[in-house]
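Top to bottom, those sequences are chains A and B. Counting from 1, one number per residue, gives the positions in the first sequence under the numbering used here. Counting from 410, one number per residue, gives the positions in the second sequence under the numbering used here.
None of these hints come from the bench; they were simulated from the model. Keep in mind that the hints are not guaranteed to be accurate.
[Said to hold, decoys possible] Covered, in the sense of this in silico footprint (three residues per stretch, anywhere, with C-beta under 8 Å from a C-beta of chain A), are these stretches of chain B: (1) 467 to 473; (2) 578 to 585.
[Said to hold, decoys possible] Calculated Cβ distances over 10 Å to all of chain A for the following chain B residues: (3) G415; (4) L432; (5) R444; (6) G455; (7) A458; (8) V501; (9) D522; (10) E545; (11) V548; (12) Q566; (13) G570.
Note that the Cβ used here is the ideal one computed from N, Cα and C, for glycine as well.
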Amino acid sequence: MDPGSLDSYRAAGGYEMLRRAVSLGPQGVIRELKDANLLGRGGAAFPTAVKWEAVASNPVRPHYVVCNADESEPGTFKDRVLMEQDPFALLEAITIMGFACGAEQGYLYVRGEYPAAEARLRHAADQARSHGFLGADVMGEGFAFDLEVRRGAGAYIAGEETALFNSIEGKRAEPRNKPPFPAQSGLFGKPTGINNVETLLCVPEILSIGGPAFAAIGTENSTGTRLFCLSGCVEHPGLYEFEFGVTLRQVIEAAGGVRGGRPLRAVLLGGAAGSFVGPDALDTPLTFEGMRAIGATLGSGVVLVLDDTVDMTGLLRRIAQFFRDESCGQCVPCRVGTVRQEELLARLARGTPLGSARQELALLDDISAVARDASICGLGQTAVSAAISAVRLGLIEANGTGGNGKEPA
Amino acid sequence: MDLRLGAATPATDDERAAVASVLGPPAGGWDGGERTAADAHVAFGGHAARARRHLLLPVLHAVQERVGWISPGALDHICVRLTVAPAEAYGVASFYALFRTSPSSSAVVHVCDDVACQVNGAEQICEQMEHRFGAEGTVPGSNGPGITWQRSPCLGQCDRGSAAMIQHAGADPGRLVLAPFGPDQVRSALAPAQPATVASLLAPAAAAGGARGSGLARFLPGGGGV
């Protein structure tokens, strides 16, 4: 399919699902999503139908819908591939969302580092508008919907939904306290539905095969298919789609296995905000519940494979530096905690711990607990999770006692 | 709103044109245009004037692309046009990594050194960049032609090896993603002999080419290929 041509998209069955959505009505669309048990693919795995229903039933007007395409989690590139290859599908999906949520205005927030995706989406939106698929009377079906493509400006935190609202509003991308949730008070203080690109693209699929059929794919609690971003030390890095229930081993084997046949040291699951798992987790199914059981997360579908040659300490320090740099600075646990984490990992790498390595690791635990409990948003809450999981797996080599050499009493 | 502006030098014509490309020409003295006698007898402000705040990022992008940085004069002009306090606008401009609030080269190379690229030799590439273009963040000369490089968080190109993005400011601005990236590519990507290289990425014709990027591999029972 030609991502620059509306005709080619329609020839492949494009916009038929919007037609079906209109015939089902807003409630019907939401019922299908509920039957499908669709969970958000952006990282938080929240039921999509619950969000949409809360927006649709909110008496406050106007309503807005937003597509979160500010994909910045290190190791994630699925939304870029989807937007570059099939921009019209995303437009159709967000139009369905606007119809179901009773919104006449949508926003597509694309990160500034994706020029090709943005260009294709803008071009697609222009074409859709001139052919009546966006505008005052969409497809002659008597409802209005239009959307605006907005460009991010290089802030990881803007991918947090309320920070994204602030960014569209022309403010610093600082997350807001929740509640109120976006369905009550979102963009411009109005009820807002917001979903990730991959989640939205599940919607036409659900309308096509029906909610119950979608729910039959995958496992009971993780329905449908999932995209995995394979990168790092694999033979064929790329984007892979599997039904939920596939194991980590199968995913890595599909990508040709570990590069050069080297032994696997660890896998970073879910990106910098995710956690490391060791080779013993290879047979865990990559489902929301399977990951929860081993204390990991699917996050945005990152599978960063690391072999035995990788400098783990350097990698961890890069993650710590990333969070220190990307913390918006609004709340203390994250702003200070991310700095302390980076300093701590640097001390361990130098072999000069404060007190002993054991004390340092206890301090890391403390930082993690405080950040998790007291941060406003998910960035702070997960900023230390990768380091904690690395400690658990023994990936950090705390160099003996170091420092003053004294173990705590 | 009674705005207190502090810039020593007013916005240049280029900067004003960049702002106008998003907001349209100013209506009068109240939003940054020529002050006429009639302006003294009316007042525009309140909610209607402040309701345009959401255009701040698009306007900042326009100035950044045209001039390469957001000068104090440009920022003041933006504040008048959108009725935003200068401190607020500076807070926004300095928050985002792709906006610069100090004079910069026309081309900024963002070299990804995040986790996935680190596994693919990002450190060696950064060393080569340092050797070729000077230390990270060096701005050769004052604002104008030149190349500055800096490390960047993940650019979302993890399937293609080590990546970089060139942010190119000027009359024909653009952003160009290079992956896999090597320092040799910088000059050829920006060479005047190929002025279309940066712009072509944004053209829909290039979008149709499909030369970029790996596809999506589906592993679904009975699902077939892509």
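Checked hints:
1. Using a Cβ-Cβ cut-off of 8 Å, 3 residues of the region 467 to 473 of chain B lie near chain A, which meets the minimum of three, so the contact claim holds.
2. A count of 3 residues in the region 578 to 585 of chain B with a Cβ less than 8 Å from any Cβ of chain A is obtained; the coverage claim is therefore met, three being the minimum.
3. With a closest Cβ-Cβ approach of about 20 Å to chain A, B/G415 is found to remain outside the 10 Å limit, as its non-interface label requires.
4. Separation of B/L432 from chain A is adequate, the least Cβ-Cβ distance of about 12 Å exceeding the 10 Å criterion.
5. For B/R444, the condition that its CB be more than 10 Å from all CB atoms of chain A holds, with the nearest at approximately 25 Å.
6. Interface exclusion of B/G455 from chain A stands, the closest Cβ pair being 17 Å apart, more than 10 Å.
7. Taking the minimum C-beta to C-beta distance to chain A, about 13 Å, the non-interface status of B/A458 holds against the 10 Å cut.
8. At roughly 6 Å, the least C-beta separation between B/V501 and chain A is not larger than 10 Å, which violates its mark as non-interface.
9. With a closest Cβ-Cβ approach of about 7 Å to chain A, B/D522 is found to fall inside the 10 Å limit, against its non-interface label.
10. Under the 10 Å C-beta cut-off, the non-interface status given to B/E545 relative to chain A holds; the minimum distance is some 13 Å.
11. For B/V548, the condition that its CB be more than 10 Å from all CB atoms of chain A holds, with the nearest at approximately 18 Å.
12. For B/Q566, the requirement that its beta carbon stay farther than 10 Å from each beta carbon of chain A is not met, with the minimum near 6 Å.
13. A Cβ of chain A approaches the Cβ of B/G570 within 10 Å, the least distance being about 8 Å, so the stated non-interface status is violated.
Taken one by one, the earlier hints fail for this structure at numbers 8, 9, 12 and 13, listed in ascending order.
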